[in-house]
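Guided by the hints, dock chains B and C onto chain A, whose structure is given.
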Amino acid sequence: MFDFSTITNWIDELLRSCMAPWAVVLVEGLIIGVLLLLVYALIALALIYAERKICAFFQCRYGPNRVGPLGLMQPIADMFKMLIKEIITIKDSDKFLYGLAPFLVIISSMLTFGCMPFGKGLLTLDFNIGVFFIMAVSSIGVLGILLAGWSSNNKFTLIGAMRSGAQMISYELSIGLSILSVVVYAGTMQTSQIIAAQENAWFLFSGHIPMMIAFIIYLIAGTAETNRGPFDLPEAESELTAGYHTEYSGMHFGFYYLAEYLNMFIVSGIASLLFLGGWMPLHIAGWEAFNTVMDYIPSVVWFFMKTAIIMFIIMWFKWTFPRLRIDQLIKFEWKYLLPIGLFNLLLVTLMVVFGWHF
Amino acid sequence: MSNIHDKIKAILPEVTIEENGLSMVVVPSEKMPMVASYLSEKESFDSLVALIGNDWGDSLGVVYIIDSTKTNERVILKTSTTDKENPMLYSVVDVWPSADLNEREVYDFFGIRFIGHPDMRRIFLREDWEGYPLRKDYDVSPEANPVPQTNEHNADTTISLQVQPDGSIKEEERVIFAPEDYVVNIGPQHPATHGVMRFRTAIEGETIKKIDPVCGYIHRGVEKLAEGLTYPQTLHFTDRLDYLSAHQNRHALCMCIEEAMGIEVPERAKYIRTIMDELSRIGSHLLLYSTLCMDLGSITAFIYGFRDRDKVLDIFDDTCGGRLIMNYNKIGGVMADIHPEFVAKVKNFIKYMPKGLAEYHALFSGNIIARNRMEGVGVLSKEDAIKYGIFGPTGRASGWANDVRKLEPYGVYDKVDFEQVVMTEGDTYARYMIRLKEIEQSMHIIEQLIDNIPEGDYAVKTKPIIKLPEGNYFKRVEGARGAFGVYIESKGDKTPYRMKFVPQGLNLIGAVDHITRNTKIADLIAIGGSLDYVIPDIDR
Amino acid sequence: MKHENFKDNEYIEQLVKELREGGTNVVVGVLDDVINWGRSNSLWPLTFATSCCGIEFMSVGAASNDMARFGFEVTRASPRQADFIMVAGTIVHKMAPVLKRLYDQMASPKYVIAVGGCAISGGPFKNSYHVVKGVNEIIPVDVYIPGCPPRPEAMLYGMMQLQRKVKLERFFGGVNKKEKRAEQDK
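Residue numbers (this note's numbering), protein chains in the order written: chain A, 1 to 358; chain B, 1 to 540; chain C, 1 to 186.
Just chain A, same shape as in the assembly (with noise of 0.2 Å):
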């Protein structure tokens, strides 16, 4: 399997021959900054594509199909329209906080992206407290959300704003929980150690039931994180007109707009660094000639497959599920959710201690 260390401890040894230190930490932190908002960008309008046609084919209907070929240029159209888009500023709203808000939404989503691990040896941020880092800066988002409901001196974006207050912050328990099951599982916090672990088997299957329930909770709180169908509460469409962002336009919509995709690519990534071992290929313990077939898929590939399956999932949630109501939203999350997972965590401790897994 190739990693991608080599390209980049060459690229890392060609700039130390030739330049200061302090001089190699920011060619190297602009060169992945630049990198990494192009990916993010790139992906981004893939998502948006994805979903339109998704969307398009569970609903008998064909989708964007007449901008450039099969519609493929129809999200790059999107974003030269929202680029030119007027901003406005709203009058007797809270200017500052107005407009730092789309900024912190997409500053939360830009640092948790920086974690993901994308191939062999293509890991941003690899250190020991690699899972709780990604924990901590993916929260930031909600404030934004929080920011945005409360400056724009609107009803409908102050409900959209508090649900989404209630929503998220609720769901990040369970979420948090289930990490918390991988990282006991798993004995580390850090990105590279976990997916290592997973060598031979993906968590989801050598921790068999407890670490399939972290899944389903995962799967289930991570789509709430996201504020999607269906638990869209806080945009609702048919309630509060958009909810939150009701008053942005133009780029700042924009930003809670390709903010909304990344993060369900974010989520969709976690799960599979945590349970279907990020970058590692299926390995069968035993299987020797079967794995060495699988190595020879790139790590990159394995990575962005296992997650565009996730993200599918959850796309599929929202096309098909109608949404659920605040009260009922929350009652989910404290009455099964979060005992369920606390039990499974339980049960994870006692398999580690036990040893029963395989």
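Derived from the structure by calculation, the hints contain no laboratory data.
Covered stretches of chain C (in silico footprint by chain A; criterion: 3 or more residues with CB under 8 Å from a CB of chain A, positions within the stretch not fixed):
#, segment
1, 30-37
2, 63-73
3, 80-90
Glycine residues also receive a C-beta, built at the ideal position from the N, C-alpha and C atoms.
Only chains B and C this time, still in chain A's reference frame:
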């Protein structure tokens, strides 16, 4: 009929009976509260079908059409006042609560103020509107009321006329929203109001404390316009009132005019009209399914509903030349004969539709989230349904068997076998399910008729100028979302003196505040979707 | 109507061709083209409907007509995020200030399509005391789609006419008129 007239005469000798098409009991205005309470308490006349204001030149007054849900008797009362400067009549809101919005409408159109009504504000027109448009001496020129350039101001208080102990009448101020209420405007431009309805909603957190509906954002003055047009010209308005039951509405008006003129419609036309009515009922219920699903966030179900509805519209398209607004019925029959492929297409559709329904049940009715959102939400009891005058499927979901097709059969409904679907739960889920069951019944009716359309003329020849004999005429049909009535008062001219369309949806709006009390905002959307009102039908 | 009988109406393109005979700046022209391509292919409608035409507009979005094919997919409920408003249905006096306000709330570039007889002129309700005789009394209209209500095909054609119109706009390169810029500014 005469029996109840005698009884009223017995308790109140001053009343006179006016026989003019419809036989009306003319009650002196100050005796109205007494007659009303007698009728509702002693004689079980509990359902107010229509409340029609009118301007008879020298007097202003109201015609009440009241049914008994127990004996299916009908009594028509008439009361008037000659005071045109400051006309006042007694309110019947405390007897028949469905009179609430209807009396506000009469105040809006004729300026009659009702004593004892809790909320005497304009309902359709803006509060700064000059004059009362349906009065005969109203100035219709656009200069009198130009297009307003300023935003509307809605007062948080209202006026109520109350009789004081000493017999005098005094204006009292009533509070709609207190200053500390958090009032959110849902509408007029809102994706879930199905048009331009506006609910001023006082909420506490997510819980609804009070709703004040504001209508009139699509009030087109149809009734005033109809007074200036000949009878065939008025027909096209009905299609555009409740555009989802266009056939039924037009059927009602045609029947009313035909009855007045004594025209017997050919059998073939009756069959075609009945089939078309049922097809549009299917189309309308499919639209309810679609929009309710969309309101609850299930967009895929919305598209599925529309996909099947388009099949119905295609059938209309072939025969009538229009998809949504067909202009198909005319006085004495229908405009044109059915398309050669009509029968085959309808049969195909009937064969296809059960599969579609099964899909809906799999996708939405059985879904746990959908059921949680709908079951037990917005319960309307049978008593309340009768009190608020909720006709149609919504009333039947509460257990009130009120199907006009059964009560006063028209078309060929007396020849077909169908079941009146009645459910007892009265919640949103029952209102949703009853629509899907009615689709099955409608298909059952069409199955019985489609092969037996008799040969013959599809319309009788009528004179080019239609004059109705002097008198009052009232006719009801079962629209897709309630009873749709047409009341015509003719003075023998070629234009009607007063043409009133009794809407299917106004009473639904009157009940919204009652149903949604203490539910969540999201429930309001679900309840609104399941009540299935069409705004142009309410506003007219 | 059969497809081969349909004569498309290309007057906008011809008009602009005549106007542009003088030639345009290459760089600015190309930039304009790119922007207009993006704008015209990503026109998001505001969900706004008052009566019958609104139901037909919903049909345009549904499976059998599917406006998503052309990029009209994302109907926004918030006027801030919408690009054009389909005035589908009668506008009455009470609604007029609301419609004006909605239009003012939209972020530019914004366009208006008047759908159906009522929005164009008041339609069958023209003589009413409470109906606005055409939305152009309140807001500027870009495309008119006649009908009562227009068929979904007609609506799609009208929306595509709007796309054409947007494609010929100028973002950088001045205005599409024969007068000089200075005269334009006067």
